[in-house]
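Chains as they are written, first to last, in this note's numbering: chain S, 1 to 231; chain R, 1 to 231.
Don't take every hint at face value.
Within a straight-line C-alpha distance of at most 20 angstroms, the following computed SDA-like cross-link-like pairs (lysine to any residue) qualify [what the hints assert, rightly or not]:
no. : chain 1 : residue 1 : chain 2 : residue 2
1   : S       : 216       : S       : 229
2   : R       : 216       : S       : 45
3   : S       : 216       : R       : 56
4   : R       : 66        : R       : 16
5   : S       : 216       : S       : 187
6   : R       : 66        : R       : 56
7   : S       : 216       : S       : 152
8   : S       : 53        : S       : 14
9   : R       : 216       : R       : 206
10  : S       : 66        : S       : 14
11  : S       : 66        : S       : 77
12  : S       : 66        : S       : 31
13  : R       : 53        : R       : 33
14  : S       : 53        : R       : 170
15  : S       : 53        : S       : 79
16  : S       : 53        : R       : 168
17  : S       : 66        : S       : 21
18  : R       : 53        : S       : 168
19  : R       : 53        : R       : 70
20  : R       : 53        : R       : 65
21  : R       : 53        : S       : 170
22  : S       : 216       : R       : 44
23  : S       : 216       : S       : 177
24  : R       : 216       : S       : 44
Bear in mind the hints are in silico, worked out from the structure with no lab data behind them. Since the structure is predicted, the reported quantities are computational estimates derived from the model, not experimental observations.
Protein chains: 2
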Amino acid sequence: MRLLLLSNSTNYGGTFLGHAHDTIHEFLGMDVGEILFVPYAAVRFSFDAMSAKAAEVFGALGYGMKSIHSVPNAPAAVEEAQAIAVAGGNTFQLLARLHQEQLLDPIRERVREGVPYIGWSAGSNVACPTIRTTNDMPITEPPSFDALGLVPFQINPHFTDGRIPNHGGETRSERLLEFVAANPGMPVIGLREGSILQVEDDRVVLLGDAPAVLFKSGQESQDIEPGQVEV
Amino acid sequence: MRLLLLSNSTNYGGTFLGHAHDTIHEFLGMDVGEILFVPYAAVRFSFDAMSAKAAEVFGALGYGMKSIHSVPNAPAAVEEAQAIAVAGGNTFQLLARLHQEQLLDPIRERVREGVPYIGWSAGSNVACPTIRTTNDMPITEPPSFDALGLVPFQINPHFTDGRIPNHGGETRSERLLEFVAANPGMPVIGLREGSILQVEDDRVVLLGDAPAVLFKSGQESQDIEPGQVEV
Numbered sequence: 001m002r003l004l005l006l007s008n009s010t011n012y013g014g015t016f017l018g019h020a021h022d023t024i025h026e027f028l029g030m031d032v033g034e035i036l037f038v039p040y041a042a043v044r045f046s047f048d049a050m051s052a053k054a055a056e057v058f059g060a061l062g063y064g065m066k067s068i069h070s071v072p073n074a075p076a077a078v079e080e081a082q083a084i085a086v087a088g089g090n091t092f093q094l095l096a097r098l099h100q101e102q103l104l105d106p107i108r109e110r111v112r113e114g115v116p117y118i119g120w121s122a123g124s125n126v127a128c129p130t131i132r133t134t135n136d137m138p139i140t141e142p143p144s145f146d147a148l149g150l151v152p153f154q155i156n157p158h159f160t161d162g163r164i165p166n167h168g169g170e171t172r173s174e175r176l177l178e179f180v181a182a183n184p185g186m187p188v189i190g191l192r193e194g195s196i197l198q199v200e201d202d203r204v205v206l207l208g209d210a211p212a213v214l215f216k217s218g219q220e221s222q223d224i225e226p227g228q229v230e231v
Numbered sequence: 001m002r003l004l005l006l007s008n009s010t011n012y013g014g015t016f017l018g019h020a021h022d023t024i025h026e027f028l029g030m031d032v033g034e035i036l037f038v039p040y041a042a043v044r045f046s047f048d049a050m051s052a053k054a055a056e057v058f059g060a061l062g063y064g065m066k067s068i069h070s071v072p073n074a075p076a077a078v079e080e081a082q083a084i085a086v087a088g089g090n091t092f093q094l095l096a097r098l099h100q101e102q103l104l105d106p107i108r109e110r111v112r113e114g115v116p117y118i119g120w121s122a123g124s125n126v127a128c129p130t131i132r133t134t135n136d137m138p139i140t141e142p143p144s145f146d147a148l149g150l151v152p153f154q155i156n157p158h159f160t161d162g163r164i165p166n167h168g169g170e171t172r173s174e175r176l177l178e179f180v181a182a183n184p185g186m187p188v189i190g191l192r193e194g195s196i197l198q199v200e201d202d203r204v205v206l207l208g209d210a211p212a213v214l215f216k217s218g219q220e221s222q223d224i225e226p227g228q229v230e231v
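One chain only, chain S, in its complex shape (with noise of 0.2 angstroms):
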């Protein structure tokens, strides 16, 4: 299984996967031709507009790209994919989604035959056991919480240790805190805007210069160096 999971698609004041672009490349190499694209997450912007962008991003790289909105079969596009892309935006709005096309267990079953799949942000939400370390607002209503489960750990992205000034809200880290006493014995891996996890099969390599963070329950969170993470 091979998995790419970004935290983010653009840094502070960078590009649409700027930072992930030679990673993504190198995780992709030559044997794929084209990828499929999930753009379910967009929200206030067209599924078209969403694929279109990331489009040029991926042919940049010399990689084709079919957005799973556009093909008249998804089920059979998943079948047939030689690599998946699962973009950001709102997580709730694309679990909906992907429950409502049938989507997560031939995506599931594809990529543990060794299908690439890289998600970022919401995408890679949805690369863990259920979305409950989502950042976003439940819009939208989704039958069950549960997601592809390709990963047996829960992923924050945008984990950030900064908070809005002057704002009485919780951290993030309280958010997460509250995660893994609500749940206990589901670790959670906070990923910094700009870190990428980059998984084979067991093999799970964090990349990037900024430590994440690890959340258990009962114990101190803790940051993990880049490299090789145990979980």
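Starting from the structure of chain S, add chain R where the hints point.
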């Protein structure tokens, strides 16, 4: 129907409910002797600790307090309540427990009969038709996002224009614009910290110094000044 819906319990640098003492006292008046308290949103501290903290504040205002987690028969306690206060914490946790204890219908019924309802943060979220405009992480999966529906609009508590410095994630306004795009016909009031909505039947009044922000699908967001609100 009488509701006092607070954005938050604690202003930045302030004390627990400190900004709302006078308003709460005026709202409850002299007829209420004891308040039924709902601490179910607590995650990382006990219901006992949360209710003790609230009992101190309400006690100082001259009101007794009984916490619903400590009574033998919760629906019966709702039936006899002179007033109901629902505390903040995690909205998903709160709503899941309200569903589990089958308290949504009894509370809705009593409040519609005139029993005063005070909520802050998550307690204000659950007064709305659904919890789709909470800021909280979905750490627990409730059977449904449907909530008390005491008001015909959504509230976003802890509303802020601020953002985390050098961070790429969505702003609050972006999230709420996504909500109204995905849920046309349902307006949202973004309620800044320190602000309170007082509802007396169909009359809605914004209390506090700051404007709130009204979001409606297909429209620009607009400021609402303190005073009577037309949603």
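Evaluation of the provided hints:
no.: 1; hint: S:216 x S:229; result: holds (14 angstroms)
no.: 2; hint: R:216 x S:45; result: holds (17 angstroms)
no.: 3; hint: S:216 x R:56; result: violated (33 angstroms)
no.: 4; hint: R:66 x R:16; result: holds (18 angstroms)
no.: 5; hint: S:216 x S:187; result: holds (5 angstroms)
no.: 6; hint: R:66 x R:56; result: holds (12 angstroms)
no.: 7; hint: S:216 x S:152; result: holds (13 angstroms)
no.: 8; hint: S:53 x S:14; result: holds (15 angstroms)
no.: 9; hint: R:216 x R:206; result: holds (18 angstroms)
no.: 10; hint: S:66 x S:14; result: violated (25 angstroms)
no.: 11; hint: S:66 x S:77; result: holds (9 angstroms)
no.: 12; hint: S:66 x S:31; result: holds (16 angstroms)
no.: 13; hint: R:53 x R:33; result: holds (18 angstroms)
no.: 14; hint: S:53 x R:170; result: holds (18 angstroms)
no.: 15; hint: S:53 x S:79; result: violated (24 angstroms)
no.: 16; hint: S:53 x R:168; result: holds (18 angstroms)
no.: 17; hint: S:66 x S:21; result: holds (19 angstroms)
no.: 18; hint: R:53 x S:168; result: holds (18 angstroms)
no.: 19; hint: R:53 x R:70; result: holds (15 angstroms)
no.: 20; hint: R:53 x R:65; result: holds (11 angstroms)
no.: 21; hint: R:53 x S:170; result: holds (18 angstroms)
no.: 22; hint: S:216 x R:44; result: holds (14 angstroms)
no.: 23; hint: S:216 x S:177; result: holds (8 angstroms)
no.: 24; hint: R:216 x S:44; result: holds (14 angstroms)
The structure shown violates the earlier hints numbered 3, 10 and 15.
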